[in-house]
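> Sequence lines, in order, name chains W and Y. Residue numbers for the first sequence follow my numbering, so the first one is 1 and each next one is one higher. Residue numbers for the second sequence follow my numbering, so the first one is 118 and each next one is one higher.
Hint data in this document are derived by calculation from the structure and do not stem from the laboratory. Cβ atoms here follow ideal geometry from the backbone N, Cα and C, with glycine treated the same way. One thing to keep in mind: the hints can contain errors.
[Claimed, not checked] Some chain Y residues flagged as far from chain W (calculated, every beta-carbon gap over 12 Å):
id, residue
1, V129
2, R139
3, T219
[Stated by the list, open to error] For each label pair, taking beta carbons as the anchor points, the in silico distance ranges come out as:
id, chain 1, residue 1, chain 2, residue 2, range
4, Y, I172, W, E44, 40 to 46 Å
5, Y, E131, W, E61, 28 to 34 Å
6, Y, V170, W, A18, 41 to 47 Å
7, W, A81, Y, E161, 32 to 38 Å
8, Y, A119, W, D26, 44 to 50 Å
9, W, S42, Y, P187, 26 to 32 Å
[As the list claims (entries may be wrong)] Restricting the straight-line Cα-Cα distance to at most 25 Å, the calculated cross-link-like pairs of lysine-lysine (DSS-like) are:
id, chain 1, residue 1, chain 2, residue 2
10, W, K104, Y, K141
11, Y, K195, W, K104
12, Y, K141, Y, K195
13, W, K73, W, K3
14, W, K104, Y, K185
15, Y, K185, Y, K195
16, W, K3, W, K70
17, W, K104, W, K73
18, W, K70, W, K16
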Amino acid sequence: AQKITQTQPGMFVQEKEAVTLDCTYDTSDPSYGLFWYKQPSSGEMIFLIYQGSYDQQNATEGRYSLNFQKARKSANLVISASQLGDSAMYFCAMREAPSGGYNKLIFGAGTRLAVHP
Amino acid sequence: DAGVIQSPRHEVTEMGQEVTLRCKPISGHDYLFWYRQTMMRGLELLIYFNNNVPIDDSGMPEDRFSAKMPNASFSTLKIQPSEPRDSAVYFCASSLSRERETQYFGPGTRLLVL
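Just chain W, with the same shape it has in the complex (with noise of 0.2 Å):
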């Protein structure tokens, strides 16, 4: 079964507006750790932001903030006032942390976002 669902293969925002990236997750572990990351098209993988599962608030990163709603095990990124520079592949990862050993990064499908002018 997948662990990490990315709905969205494909997404078109209007530059300056907001998008939403969805993610939901699978797990019975009560200590987890949600991240994101974006696949831009020259292929490095950057970080952009992480949420633990017992973290109160959602996390921010400038523009970046993950809507994070434990009961429906959802992780999406919001990305505020989008720029062209923001159109690339986005994935959502889980940490699973099975019994004595490391958490191990299991990732989503990815999502290509479009920004448009």
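Dock chain Y against the given chain W, drawing on the hints supplied.
Showing chain Y alone in chain W's frame:
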């Protein structure tokens, strides 16, 4: 600060040849990860090291793949012999500690096996 460094950035080789990918993690990071990215399978964890010791290699596809970390600042991923289905982007990532486990990725090596 320098990020994760990978070399080569691009590699084209013929089926049956040995391929060696190299990675230098961020200084001070004690975890190192090797990932493979393909269109069909997305991002997959191949193997990771903690303090130079391989911890989990369950993602390594087969015996043709091997990875080493002889010291804290260098790791290799070797494919011998290479096959066309190994064509992918291979990423190396490192992280500081188990508590703050954000992984920082290198630029990747784009491998094409003909």
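> A separate judgement is required for each hint: does it hold in the structure or not?
Each hint, compared with the structure:
1. V129: holds (16 Å)
2. R139: Non-interface label stands for R139(Y): nearest chain W Cβ at 17 Å, farther than 12 Å.
3. T219: Non-interface label fails for T219(Y): nearest chain W Cβ at 6 Å, not farther than 12 Å.
4. I172(Y) to E44(W): 40 to 46 Å: violated (25 Å)
5. E131(Y) to E61(W): 28 to 34 Å: violated (44 Å)
6. V170(Y) to A18(W): 41 to 47 Å: Roughly 45 Å apart at Cβ, these two residues keep to the hinted range, so it holds.
7. A81(W) to E161(Y): 32 to 38 Å: Since A81(W) and E161(Y) have Cβ atoms about 34 Å apart, the given range 32 to 38 Å holds.
8. A119(Y) to D26(W): 44 to 50 Å: violated (37 Å)
9. S42(W) to P187(Y): 26 to 32 Å: holds (30 Å)
10. K104(W) to K141(Y): holds (20 Å)
11. K195(Y) to K104(W): Distance of about 22 Å is within 25 Å: holds.
12. K141(Y) to K195(Y): holds (15 Å)
13. K73(W) to K3(W): holds (11 Å)
14. K104(W) to K185(Y): Holds: K104(W) and K185(Y) sit about 19 Å apart, inside 25 Å.
15. K185(Y) to K195(Y): Measuring from Cα to Cα gives roughly 8 Å; hence the hint holds.
16. K3(W) to K70(W): holds (15 Å)
17. K104(W) to K73(W): Roughly 18 Å between the alpha carbons, so the hint for K104(W) and K73(W) holds.
18. K70(W) to K16(W): violated (29 Å)
The structure does not agree with the numbered hints 3, 4, 5, 8 and 18 stated previously, though it agrees with the rest.
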